[in-house]
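Visitor: If you want the building blocks of each chain, they are given just below.
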Amino acid sequence: MIHVRKLVKRFSLKTVLRGLDFEVREGEFVVLLGPNGAGKTTFMRILASLSRQTLGEVRVAGHSLPGQAAAVRRSLGVVSHLPLLYGDLTAEENLRFFGRMYDLPGQEPRIPEVLEIVGLTARRHDLVRTFSRGMQQRLAIGRAILHDPEVLLFDEPHTGLDQDACDMLDRLLKEVSGRGRTVVMTSHDLSRVESLGTRFDVLTRGVIAVSTAREQLRGNLLDFYREALQ
Amino acid sequence: MKAQPLVLKIMNVASGLLLAGSLAMVFLYAPLEAVMNHVQKIFYFHISNAWVGMLGFIVAAFAGIMFLVKKDLKWDIVEVAAVEISLVFFLIAIVTGSIWARPSWGTWWTWDARLTTAAILEMVYLAYMLLRQGIEDPDRRARFGAVYTLIGGISVPITFVSIRLWQTIHPAIIGTESASAQGGFAMAPAMLQTMFFCLFAFSVIFATLLWHRVRLGRLAQQVELQKLEAMQ
Amino acid sequence: MKPRRNSGYFKAILAIAWKDLAAELRSRELLSAMLVFALLVILIFNFALELDPGTRRIATPGILWTTFAFAGTLGLNRSMAIEKDRGCLDGLLLAPVDRSAIYFGKLLSNLVFMLIVETIVLPVYSVLYNLNLFVPGLIGIILLGSFGYVAVGTLLSSMAVQTRTRDVLLPILLFPVVIPVLVAAVKASAGFLEGIAFAEILPWLNILLVYDVVFTAIAFMVYEFVVEE
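If you read the sequences in order, they're chains A, B and C. With this note's numbering, letter number 18 in the first sequence gets 18, and the count goes up by one each step, no holes. With this note's numbering, letter number 52 in the second sequence gets 52, and the count goes up by one each step, no holes. With this note's numbering, letter number 198 in the third sequence gets 198, and the count goes up by one each step, no holes.
Treat the hints with caution; some may be incorrect.
[Claimed, not checked] Think about it this way: if two alpha-carbon atoms lie no more than 25 Å apart in a straight line, the pair counts; the simulated DSS-like pairs of lysine-lysine are:
{"hint": "1", "chain 1": "B", "residue 1": "K2", "chain 2": "A", "residue 2": "K14"}
{"hint": "2", "chain 1": "B", "residue 1": "K71", "chain 2": "B", "residue 2": "K227"}
{"hint": "3", "chain 1": "B", "residue 1": "K9", "chain 2": "B", "residue 2": "K74"}
{"hint": "4", "chain 1": "B", "residue 1": "K74", "chain 2": "A", "residue 2": "K14"}
{"hint": "5", "chain 1": "A", "residue 1": "K14", "chain 2": "B", "residue 2": "K9"}
{"hint": "6", "chain 1": "B", "residue 1": "K71", "chain 2": "A", "residue 2": "K6"}
{"hint": "7", "chain 1": "A", "residue 1": "K6", "chain 2": "B", "residue 2": "K9"}
{"hint": "8", "chain 1": "A", "residue 1": "K14", "chain 2": "B", "residue 2": "K71"}
{"hint": "9", "chain 1": "B", "residue 1": "K2", "chain 2": "B", "residue 2": "K74"}
{"hint": "10", "chain 1": "B", "residue 1": "K70", "chain 2": "A", "residue 2": "K14"}
{"hint": "11", "chain 1": "B", "residue 1": "K227", "chain 2": "B", "residue 2": "K74"}
{"hint": "12", "chain 1": "C", "residue 1": "K11", "chain 2": "C", "residue 2": "K84"}
{"hint": "13", "chain 1": "B", "residue 1": "K227", "chain 2": "B", "residue 2": "K9"}
[Unchecked claim] Label pairs and their in silico Cβ distance ranges:
{"hint": "14", "chain 1": "C", "residue 1": "F70", "chain 2": "B", "residue 2": "S98", "range": "26 to 34 Å"}
{"hint": "15", "chain 1": "B", "residue 1": "Q133", "chain 2": "A", "residue 2": "S132", "range": "52 to 60 Å"}
{"hint": "16", "chain 1": "C", "residue 1": "L128", "chain 2": "B", "residue 2": "T107", "range": "35 to 43 Å"}
Hints are computed from structural coordinates only; laboratory data are not their basis. Here a beta-carbon is modelled for each residue, glycine too, at the ideal position from N, C-alpha and C.
The whole structure should be built from the sequences, with the hints applied where relevant.
Guide: Below is the structure:
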C-alpha cells in the first residue's frame, strides 16, 4: 500500500529525512514513533501529498507522488492534530463541503452514515465551533473516511484530548481501521498506541531506525522505544 | 570561497575606468546645452541610472520566472541582487531627476509618467523586501519572492501605460511645455555619443555589481549552511 | 499537466465559494467589519476634504475607489486568515483537485463580499451627498475594477497570510501593483458619471480588461507555488 524508497527531504539548507525506507502492506496499522524534530510530521506530510520529497520514491495506494498526487488524494484520509474543520458551519455542512471537494457521488446517504460511525448524529445541525475538542476530532475522522479511502494517516490525533475523549477516539480508531484499511499513525502517547498498532517503527535522525511487529515486542513499548533511540 | 575570477577583476577595473571616462565625456566633451547649460549634464547620469534600474528590473523578473521553472536557488540569489541594484539605481535616477527638475521647472517633483512609475516601482521593491523579511523558510522566501517579482514585472509596465494615458489628459507640470517636460530637447551628435558612452559604461557597472552581489549571496548561503551544520 | 475531471474542478470552486458565503452568513464578522470600515472612511473623507458640491461630484470616484481599496484589504485578510488559522488550508489541499480551484473559489467569495459592501456603500453615498450613482456604466466599472483588485488580492493574501507580518503586509504588497486598476476605475467611473463620450472612456475600459485577464491568468498559473511546498 505504501512504498517509500530512499526518501530525502531537504529544506534548502537543512536535511530532515535522509534516505528513508518504509514499507506498509495492506491492512497493517503502523505506529510511527520518534523524538520531536525527528521528521515525523515532515514524513507524514509527504505521505499525505502536502509536501514534495527532494529525492526518492514514494508510492501510496498504487500511485506515485508527486506526479499522481490527485489520484493518491482520492485514496487517502488524513487526520492531524488540527481539526481542519470550519467552525461557522454545522457538522453536516462540513461533511457536505468535503463531500463536494472530493466529488463524491451519492453523498446524501453517506453523510448520515459517517455521522453515525463517529457518534455525532445528534449534533449534526450544531455549529462546529460549539463542539468540544474531542467531538471535533471525531468529526475530523468522519471527514477523513467520507470518501472511503484505503489509506488513513493520523498525525498525533490524541493531542489536546482528555482521558474520556482519548478512550472514545481509540474505540473509533479501532473500528475505522478494522475495515481492511491501512493506517499509519504518529503519536507520543506510548501506552495508548500499544494496543492499537500491529507494527511499531521508530523514526530518528532522518531514517527509520527500528521496526518491530507487535508479536515480536519483548517487554513494553517504552523500553523498546528507549532502546531504539540509542 | 574562491577568490574573484580574473574576468571579474578585469570588470572591476573596466567599471572604474568607464565611470571616469563617462565623467570626462560629460564634463569635457559634451557641449553645453543652449537653455539649461551645466544643469543639463545631470541628464546623462539620470538616464544612465534609470537604464541600470531597467536592466535590474528585467533581470529580476526573468530570474523570478527561471526560479519558478527550475526551482534552483541560484536564480533566487540573482533575483535579490537584481532587485537591490535596481532599487538603488532607480532611487538615484529619481533624485537626479528632481535635481534636474528644480532649476528647469521650479518644482522638485513632476508627476510625469516615467518618474511616477519609477517611484511606484520603488514601492514594489520595498514591498518585496518586506515580504522576504517576514518569511523564515528559505524555500518559501524564494518562491514568494519570485511570484512577486513576476506580479510586479507585469503590473509596472501596465501602470506606466495607465499613468501616461492619465497624464495626457492632465498635463501635470505647472506652466511648462510638454516637450521639455518629457526631456525632449534637441541633441547634438556629441551629446548622443556621450549618452551612448554613458549607457555602455553603466551597463558594465551593472554587470559588475550584479556579479559581486551574487557572490555575496552565495557566500551568505554557505555561512547559513555551516551554521546549521554546526548546530547539529 | 495533471488530468482534471472538469465537473470536479468546477464543483470544488463552487463548494469553496458556497462554504465561505454560508459561514459568513452565520457569523457576519467579515462583512460587518468591511462595511463599518468603509462607512468610516467615507465619514473621514467628509471632514478631511471640505468639498463644495461641484468639487465633490468630481472627487466622488476617487473617494469611492479609495474606500473600496481600503475596505477590500480587510476582507481579503480575513478570508485567508480563516483558512490558515485552523489549518483548513491543508484540508483544501488534501482534496483531489487542482490547486487553482482553491484560488478561483476564494476569488469568487472575496469578489462577492466586496460587491456586497459596494452595493451598500453606493446608495448610502448617494443619499449623503444627493448624487445619482446608479448609472449602468458605473456598475460595470465597479464589477471590472473589483474583479481585478480581488484577482491579485486573493493571490497576494495567500502569500501574506503565511508570513510573520501578515495583516500589515497585504496592503503594502497589494497597493503598488493594483494602481492600474485604481487609475482606470476612477477615470472610467468619472467618465460615466459625467456622461463623457464612450470613445473616451474606452481606453480605461481596455486597461481594466487587460489587467483582469492577465492577472487572473498569472495567478492561475502560479497559485500552486504559493500554497504548496
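Visitor: Each of the hints needs a verdict: does it hold here or not?
Guide: Consistency of the hints with the structure:
no. : hint                        : result
1   : B:K2 x A:K14                : 23 Å, holds
2   : B:K71 x B:K227              : 23 Å, holds
3   : B:K9 x B:K74                : 22 Å, holds
4   : B:K74 x A:K14               : 17 Å, holds
5   : A:K14 x B:K9                : 34 Å, violated
6   : B:K71 x A:K6                : 21 Å, holds
7   : A:K6 x B:K9                 : 44 Å, violated
8   : A:K14 x B:K71               : 16 Å, holds
9   : B:K2 x B:K74                : 17 Å, holds
10  : B:K70 x A:K14               : 20 Å, holds
11  : B:K227 x B:K74              : 19 Å, holds
12  : C:K11 x C:K84               : 22 Å, holds
13  : B:K227 x B:K9               : 30 Å, violated
14  : C:F70 x B:S98: 26 to 34 Å   : 29 Å, holds
15  : B:Q133 x A:S132: 52 to 60 Å : 39 Å, violated
16  : C:L128 x B:T107: 35 to 43 Å : 36 Å, holds
Comparing the model with each earlier hint shows violations of hints 5, 7, 13, 15; every other hint is respected.
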